[in-house]
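There are 2 protein chains.
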Amino acid sequence: MKIHNFSAGPCILPQEVFTKTAEAVLNFNNSGLSILEISHRSKDFVAVMEEARDLALELLNLKGKGYQALFLQGGASMEFLRIPYNFLKQNGKAAYLDTGTWANNAIKEAKAFGETLVIASSKEANYSFIPKDYSIPTDVDYFHCTSNNTIYGTQIKEFKSSSVPLICDMSSDIFSRTLDFSKFDVIYAGAQKNMGPAGVTLVVIKEELLGKTNRAIPNILNYQVHIAKESMYNTPAVSAIYTSLLTLQWLKKLGGVQAIESKNQAKADLLYQEIDRNPLFKGTAAVEDRSNMNATFLLQNDAAHKEQFDALWKAAGISGINGHRSVGGYRASMYNALPIESVQVLVDVMKELEKKLK
Amino acid sequence: MKIHNFSAGPCILPQEVFTKTAEAVLNFNNSGLSILEISHRSKDFVAVMEEARDLALELLNLKGKGYQALFLQGGASMEFLRIPYNFLKQNGKAAYLDTGTWANNAIKEAKAFGETLVIASSKEANYSFIPKDYSIPTDVDYFHCTSNNTIYGTQIKEFKSSSVPLICDMSSDIFSRTLDFSKFDVIYAGAQKNMGPAGVTLVVIKEELLGKTNRAIPNILNYQVHIAKESMYNTPAVSAIYTSLLTLQWLKKLGGVQAIESKNQAKADLLYQEIDRNPLFKGTAAVEDRSNMNATFLLQNDAAHKEQFDALWKAAGISGINGHRSVGGYRASMYNALPIESVQVLVDVMKELEKKLK
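Protein chains in written order, with UniProt numbering: chain A, 1 to 358; chain B, 1 to 358.
Possibly wrong hints are sitting among the right ones.
Quick list of simulated restraints, FRET-style, between CB atoms [said to hold, decoys possible]:
#1 Q224/A <-> Q258/B: 43 to 49 Å
#2 A125/B <-> K108/A: 42 to 48 Å
#3 E341/B <-> Q344/A: 53 to 59 Å
#4 E50/A <-> E230/B: 33 to 39 Å
#5 F159/A <-> A125/B: 23 to 29 Å
#6 K183/B <-> G328/A: 57 to 63 Å
#7 K108/A <-> E230/B: 50 to 56 Å
Selected chain B positions facing chain A (Cβ under 7 Å, derived; list incomplete) [said to hold, decoys possible]:
#8 L13
#9 A216
#10 S239
#11 L254
Per the computed footprint, the stretches of chain A lying under chain B, defined by three or more beta-carbons under 8 Å from a beta-carbon of chain B, are [stated by the list, open to error]:
#12 99-109
#13 198-208
It should be emphasised that the hints constitute simulated quantities derived from the structure, not laboratory data. For each residue, glycine too, the CB sits at the ideal point set by N, CA and C.
With the hints as constraints, model all of the structure from the sequences given.
Here is the structure:
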């Protein structure tokens, strides 16, 4: 049976990426060696790393604009720490927008490094909306936000302009929509949503902002060290980077971020229309902040219908739509590689439940 | 043509590990999903993580002895930082043995955290031997050493006992030989030699030693956080951990560390005997400190014979034996998965060169 993978991350990647990765695990670039055993210093892998860094910038329309792309390890959670180490000055302060669990984790790591202002938060409302009524202080070293909140199904639609560096965790919606990415000074993203498998993180940095904190930065956390070593300060996650490159190549072939954006919009429209139409369901996020990546919704009457609904979607081959424990209900993640046909299957199941209960 | 992969890391893994990984990239555990797209919270992957942590302890004979095994990201270089954060007390000091580039990198990261004593170093001799004439101070928070020095082809054969915690970077020889691992308080290793692909790090910790520094430790660097979250504080490197589990299972099936140790000894004996016998070659490391993992050697007359020797080994399908730039010459890495047949091919090529020049 075909599985419709709505998992929140790690998540579905393009089928051709799986096929090509499997081939490379057996024989990479016709070298007779596996991608799992080749040296990261081999000519073939150095070419992979260079193309991946270059293509990431190209897809974000940031080539030739003073940005560097890095492929590091540790997930976005490691960048929660690298950010203050590299950008929060001694005795400086930083501003954070608190829009969910991961935004909060970023705030926690920064606190040890200096004054960390939470300038707005929707925590009291269980992060069901994106705060908009705030202004970014002009005396902070940077402003940090989280573009998409996987757990709560919210997404920042408009990014405020300001005079301070703008740093954004785009783990769960990078490469999914067009933005003026040059508004951002640092963009980082764990690969395991729209870019590749778990185990590698993309960090895109406006290079001129580095080296200004007067802080002793450990080598492994120092962006300047990683830039100087072209993401090979230590052994990179070879295979995860290769799979990420395959995914970026797939996206480029498809027409890039602009092309995927309309596909993502169509998928989100299809599902949210059904959530709003079908009297058995309701969405959990504020309508204007709804994420195009993760749709969170509840049964209006969980006790009465959960068992039946769960049986229906399981029978349809749907996987990974149980909601996060902090929201409950359901979460359908519709990342780049998820075909609209899978969303249609879910919508059909929702309609089927309605029909059965009539 | 069959490739004989002597690469220093990433390096050869067992062929059955490649085959099984490629299968899982297409269809993991018959789930219909790729190992690259499954949730790290899925039952099937949680079982992988648990078995990998358990098997790592079992193979080191550390089960039930108060140790925890973690699978983290960032390579050994990230542990260079986690070690002082977790074990170097405020106003404390640590002792380090300087046996090579990576040992030195560990020392550099520790220096920002407290007094870092380099109690012995072979740097002046280009790290061609393991210093033995030192004693470990009793007033330090820990003693740190590097069991095997990939670049220089040296390996610590005897670990000194002391009253302070013993912390060892075993990246390049873990699971290759029997040791009394319970002498060590922390063992860590980047996976990409004897355990798996690049992108995951094994850390084995005597748990009772944690939580004693009075230092504010960032969450992502805090071993106690990772232990409490069973290596899932953030999304782990799913696929790299799965491949590591396959390699550990292969090792167990083979008879464990004791069984592989004699195979490794036979391979090392075969190659070093030829290096010592063949008048065209010489080893670079002190004989008593020679690594069973990485044999470093030079042509006695590089200018005269390099071209011919290089052509010979390339024609024989040998890959990855160019020496590191800081030593020059050749380095044959003979990790667990390298068959003795590959070493025999190299030895035959060395003999062939001798014959041709007669």
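When the hints from earlier in the document are held up against this structure, which numbers fail? 5, 6, 7, 11
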